[in-house]
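Number of protein chains: 2
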Amino acid sequence: MTYCLAINTETGFVLCSDSRTNAGFDNVSSYSKMHTFAWPGNRVFGLLSAGNLATTQLVIKRLQADLDSGTIPNLLSVSNMQQAVDYVATVSTHVQNLHVVRDSGNVNFEASFILAGQIGNARHETLMIYPQGNYIHESGEHPFLQIGEIKYGKPILDRVINRTISLEAAARCALVSMNSTVRSNLTVAPPIELLVYNKDSLRITHQLCLNESDPFSKELSQAWNQGLVIALQNLPKFYWETPGLPEIAEFQSAK
Amino acid sequence: MTYCLAINTETGFVLCSDSRTNAGFDNVSSYSKMHTFAWPGNRVFGLLSAGNLATTQLVIKRLQADLDSGTIPNLLSVSNMQQAVDYVATVSTHVQNLHVVRDSGNVNFEASFILAGQIGNARHETLMIYPQGNYIHESGEHPFLQIGEIKYGKPILDRVINRTISLEAAARCALVSMNSTVRSNLTVAPPIELLVYNKDSLRITHQLCLNESDPFSKELSQAWNQGLVIALQNLPKFYWETPGLPEIAEFQSAK
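Residue numbers (my numbering), protein chains in the order written: chain A, 1 to 255; chain B, 1 to 255.
Any given hint could be a false lead.
[Stated by the list, open to error] Which bits of chain B does chain A cover? Going by a derived footprint, with three or more residues having C-beta under 8 Å, they are:
(1) 6 to 16
(2) 149 to 163
[To be verified] Computed cross-link-like contacts, DSS-like style, restricted to lysine-lysine with a CA-CA straight-line distance of at most 27 Å:
(3) B/LYS237 / A/LYS218
(4) B/LYS237 / A/LYS199
(5) B/LYS218 / A/LYS237
(6) B/LYS199 / A/LYS237
Just so you know, these hints were derived from the structure itself, not from any lab. Ideal placement from N, C-alpha and C gives every residue a C-beta, glycine not left out.
Can you make the complete structure from the sequences, with help from the hints?
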């Protein structure tokens, strides 16, 4: 399994991904799922991948090969994010179809991607590409996109993320969302990669790779646990804990 | 869908359940999924249900009918929680099998249950009953049990719940876990039922039914959101936000 997410704010975007891959419980490895293509001053792309590892690796190789050979279109030739996502989606579906003919139906070659980027002075954008090659855009109401094991890490995003959040706060929220998923699901695991892109910088602003033993990771996890405990302590008390208050919505006493 | 959870602490147990049932997106209703059977001073049971509504309703009716007719075993005749869970599991599998013979294979008659209770001066226990009739017990390492849509609400439980947490703190945590699930999944919805059982009381200590418009629900949701925002604000800053600190784990600068 995998967990990748992208948050698109007014001031840039954040990408976050885990690194665990597994083909069964007894075949576990670690591979990066975050891939960057950057031409400082011209354009920046971040690509997050989930799904069949052979598919996602070959898609990345094809994107690079098209650049190396000058095949058109490629990530440097496309003139906007719409052309970029069409191109990546086409490569993805092509690669998925390559091996299906030799399969008896038992293997899932599917892969999903999140493509984030900015080209020149156009707006920075993030898009999620489905295995079928169709895709959706983030929006003002839903500024984040997720692929893979999305449920554990979604509530914190639902509560906190909006367009106007600072890029660093969004990045911390992404790490918390990832941390929650890692704790609850064995198939999502460090190292955790984080990319923070300031809009209009047209270069990759900050990129981290955090292992479990990393002091920043530990500090973040501990601070978050502590913050949750305090948040729980500050929740309103039940009426029976504060004598004198009226009873609230008690609809059934002991039978 | 459904979300039900049970938390078993040293001082009692907490049960929490939503009330949404749906047979497709265009057939949505509201039914209680929390059922109580209590004989004050003698024994107390709470039963949470998920799955096919016809199945879970008939299981509850059968449990009541066995009590009314004095059929042995029943919830009043069983002498310990082991016998109680065996009995409920048998009724569940029997009811599930009733209608399968007339089905073409398209209907899922399955149901899961969480049974919590205390009989006399024996220890209070919680058990999760699978559709197949087998079951598992909570444990010191894993004091909570969930059925239905379990993922959204699990991270907060994983971080906070242990045997020694106060019963009221566990109840607030259960409501937060439920609140997160309701926000992220349309098929889990209020009214939310909450039962708090103090061990050895042998009566249902507190039981609440919280609607969306309930002041306590609103206050809890707002306080939790506020607590999360504060927790996020107190997370450690990235090295680039606090100039002078050493760089942490930056493995790749802009290409």
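Now the hints, each set against the structure:
Only when three residues or more bring their CB closer than 8 Å to a CB of chain A does the claim for the region 6 to 16 of chain B stand; here the count is 0, and the claim is violated. Proximity of the region 149 to 163 of chain B to chain A, defined as three or more residues with a beta carbon under 8 Å from a beta carbon of that chain, is established by the 9 residues found. Between B/LYS237 and A/LYS218 the alpha-carbon distance is near 13 Å, which keeps this suggested pair within the 27 Å criterion. Simply put, B/LYS237 and A/LYS199 have alpha-carbon atoms about 20 Å apart, close enough for the 27 Å limit, and the pair holds.
For the hint linking B/LYS218 to A/LYS237, the alpha-carbon distance of about 13 Å falls within 27 Å, and the restraint holds. Our distance criterion of 27 Å between C-alpha atoms is met by B/LYS199 and A/LYS237, whose separation comes to about 20 Å.
Hint 1 alone, counting from the list given before, is not met by this structure.
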